[in-house]
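Undergrad: Sequence:
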Amino acid sequence: MSLQEINKSAIAKKIIEFWYIIEFLSQDPFPKKSKMQEKNAHLAMLMAKNLPMPKGKSKPKKFMVFNKLCTNEEILKIIQNHNEIYNKHQYCSEFIHICYGKIGKEEIVQRLFEVLEIEDTRPEEDKGKLCLFALKIDKNGFYIEDSLRISPMLWGVYRCCIDKNSKDHGITIKNYYDDVRKIESIIEMETELTNKTLNKLYQHIISQYAKKVFKETTCLLEEGILTYSRYDSEKTQNREEGKSLDLSELLNGFYTDDLHMISHSINDKHDSKSMHADIIDYVTALYMKKNKIKDHKKERIDIRANKDYISRILRIKESPLGKWPSKYSPALMQQIAINFGMFNFEGVGNIFSVNGPPGTGKTTLLKEIITHNIVERATLLTKYENPDDAFIKNNYSDGTLRLNGYDEYYPYFYSFKEDKLADYGMLVASNNNAAVENISKELPDAKSLRVNMYSDKLLTENDRQLDEVASMFDVLKALEQEEFFIKLEKEEYGNVRAVYEKKNDIYFSWLAHKLISSESDTETEINAWGLISAPMGKSSNVGRYCYNVLNNIIKSFYNNNDKMKERRNKYKEARINFINQLNIVKDIEDKLFNDSNLKSSHFLAIKKFQDEISSYEFKIAKLEEIITVYNKDINKIQQDISQKEKEYIEIEKDLTNKNDEYSDINNRLEDIDNEISKTQFSIIELEDARKFYEIILHRWIKTERLLLIKEMKAKKNQMIEVYNSNEKKKISVVENIESIKKSKCIIEEEISKLKQILSQMRDKQNNILEEKNNCMKAIQDLTQKISLANSEFMMKLEKMKKDRVILDDDFWKEYFSDVESVSTKAQISNPWTTDKYNREKEKLFHSAIKLHKEFILSSKSCRDNFINLSMMWKNRENSNNELCNFSIRDKDRAFPHLLNTLFLLTPVISTTFASVGRFLKHIKEKESIGLLIVDEAGQAGPHIALGALWRCKKAIIVGDPKQVEPVVTNEADAIKRAFSDQLLKPYMDKTISVQSFADSINKYGSYIKNSANLDSHSEWVGCPLVVHRRCIEPMFSISNIISYGGTMKYQTAAPDISLIDKFILDKSCWLDIKGSEIGNRNHFVNEQGKETMKMIVDSFQKYNGYPNLYVISPFTTVITELKKMILGYDKLIEEYGETVEQWCENCCGTVHKFQGKEANEVIFLLGCDNKAIGAVKWVKPNILNVAVTRAKYRLYIIGDSKLWSKSEIFKTAYQLMQ
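With the sequence shown counted from 1, adding 1406 to any position gets you my numbering.
Please keep in mind that the hints were generated in silico from the structure rather than gathered at the bench.
One thing to keep in mind: the hints can contain errors.
[Stated by the list, open to error] In the BS3-like style, the derived pairs of lysine-lysine whose C-alpha atoms are separated by at most 25 Å in a straight line are: (1) K1649 x K1944; (2) K1420 x K1441; (3) K1908 x K1893; (4) K1698 x K1419; (5) K1483 x K1494; (6) K1976 x K1909; (7) K2028 x K1823.
Please read all numbers here as calculations on a predicted model, not as lab measurements.
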């Protein structure tokens, strides 16, 4: 099947609907009264009796009633009695919850395994109870229609029992409600609910459902409770109503509403680059993997092994402009993760995952992301000379006051004019409540910031600059003060006066201090530097925030318009300061960018020179070719000239010969002519001497004279013939001479031309030779330039190396080195940045928060939104002194904009995933808020993050699949198997998490091999953090080997010498203690418990109170028995009192309790004996990894080493502990 052939939206919808049903069927334990609720009820009784409150306790405005139902007292009578018992709390919640009938959770889980034919491999039993059915009544005892719920777990198992053949056993939402409606018909609507009706319902459900599930119903108890809230006033009731958990709503509502909303919103019509598209990819990731469907656009890049991508992502222009104040910079992989997460790098989607093994600096990563967003938003804010120009005014629709508003003076709400301003709010969500609280407290912590900023010695310019920046964030040294509302004080005659005090301030520091401090600590030295974060989600957190922050800001800064006008000038000043500092940072950034391009610039320059040399060499080669041709031609011409000259000589010779011949002929002719003339003269003389007869008869007579004349005439004629013959020869010779002369001229011409050509060719050859020489000179000059450029480059490089790490060949040798210390050196670096740049970035962050502060305090739009938000949350009365009930329509329209304005004030809001659905209930539009940061994402099931992901534009998922896996109840894990659709099979794996889903769609990550199990396959994880700074040895190596394939780098500092005396033992060790466990899946070993008890007592004594020690076990039963042992140790209780109980509650637990936490020492109490080998094998590497990495300096494993070494991971741990 190809990517083009599938409808991913339809598949995603089906998967989300599956998750919805599983969540629908999940059921919380039977409600119990907490200690706090018990204390508040007791205080309410004291109030009713007009008795004084115990010291340090205030009168409760609200408390929850928990009343056990009895057959001899009717429900209405109980409520009426409460009105008398709690007479100072006469106002009741709208609904009274009744939870009735208890089912043993263990029995229902066992039956589920049997029906679905699933092997029961659980290491422990579940002793909890579930509610059989629940409903609501009003304060008059009348049933609230449609409020009945029967146990969804019992119903689900019932469906599996009666409908074994269908694909999903008929487990649908519709079938559940159809069955409930049938049962509801038993209730008489028009009369008060009685015990008889409850019993009738109980018996009906037993008969119709329980008996078809269980062979015997001994696991059911007919017990019930009535619970509701009581308030001291109508105002308290209006404010608090609806904030408590709906205990009679047995259907788990934490995630179902969001899953339902998203499943109905998923469609094919979406931008391929939107969060919508990425959520579909996220949901269908397992399906794609199972069916081997690849998206070639997301071919994976192993970022740890790819130096080209590392170089690209670490470019200075790809890094944030701001920096969290700290003397330390993010390590290499932290910076890579930050840059990937914050910038639109090729192939990075809207969901980006980071793999954060224990102690590798996830919080540092988050701090830098937070800083980046604040600085980027500040840059947008500078566009507005008047802060209110950044907003658009909006009217409500359903308010009863002026302009359909809810307050006469503040009838509007405001939205951002520029949507991009909403991109930078940050919602931190986690399944781990401790992680949420830790982030909210750590970010504004002034002490931690001071420790990480001030230098130990003022030896360098950087030390001085560090102290300068530290002072800017040190609230104790703050130059600026603000006047805050402190309290209302009664004066004479009943008047009330508002008391204000000036406090040192950086960014609402006093309010941040109040928010993170307990009530008893608020009067101490301010321990928060700024209002950077706040825990929200649950209603108590929202109320605390409104009381300590929102309402205080309104009273302190928005109480008159003149104050706001004065702040406008401060805003202008802050705006200019920020712009100036931004320019300073950008100038340095440009210089560093140019420096970082030094090698490439140098390479380009050298290449340019080399190209020129190559061009000249090519030209020389061509010139030499021409010279060769010229040489050949010149030689040929010279040969031709030589030949012609030879011919010329021959012609000269011929001409000479002919001239000689001509002379000879002339001479002969002359001689012959003379002879002829002489002969003629002689003939004439003879003729003149003839006799007459001789004249007359010469024809006939022959005389001597006549014969002589005749002879001489004959001789004359003969000579004439010779003469004529020579004359002819002469003519011929003359002709020959003329011909030779012409030939001579021609040859002379040819020789002349050839010599001219030769001369020209030699001139050209000389020019070419000169050109060649010029080229060779140019090559010589360029070679010198290259040499000079190389020298300058090396000098600049050496200079750069003095104040920063650069990505050169030396760095990559270190990075890829097999020597651990060498590769670690590369991993702890932050290439291209300098101390000066870091300090200026920190100053820019300071300027950014100052700009935010002045923007907020000079904006009427912010003021109005804060007031409306506080009213919407029912933590502020309106102008008529009333608590407002905003309509659903107005909440849905206004709340996203009110919350985005709140992000201006408090950039980071944290919440648990369980609270997201309620907290963000009125944000239904996708991508309404900015950045989601998920912490401890490996602990969260993939579906529980969907509501938060849907509402955000971008998400950074931080976690580790090698640590604690999602907590999936046994019944939820089993009920999944009731669905036989092959598409859903991969989604039944209980180890899948938000982290693993995000990792699977992340293009940039790495592969981790399990060194303890070489046969296991490498696992793809998101962008990995690798520098570990929490645990010393052997904890580091145990974790690194069993879980991370040796990829982590060790950088943990040794413990402070002041701590060493408090450690229980002088080194970490495995205490090999054998014994028998209690049995029946209770893995506690008494001998191991006794040794643990000794160590706990020793630790209490060394600390003289609350020790920095955790006791962790893989098993709940072991912890339960140990707690009994601790709390039963009278001597310890007598000496340390409630501290023991507090420590026991906070510091003893299973591994899941401690993810994200750390202690100086950890006792890992294993339990088990030889009969529990199944339980030993059940303990996965994840559990061992988390347990050992909670210990910073000492780890004590207590257990049977021979037994536990049957597990390969514990065998490895044992060997390393030795």
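Undergrad: Now, for every hint given, state plainly whether the structure supports it.
TA: Evaluation of the provided hints:
no., hint, in the structure
1, K1649 x K1944, "holds, 8 Å"
2, K1420 x K1441, "violated, 42 Å"
3, K1908 x K1893, "holds, 13 Å"
4, K1698 x K1419, "holds, 20 Å"
5, K1483 x K1494, "holds, 19 Å"
6, K1976 x K1909, "holds, 18 Å"
7, K2028 x K1823, "violated, 67 Å"
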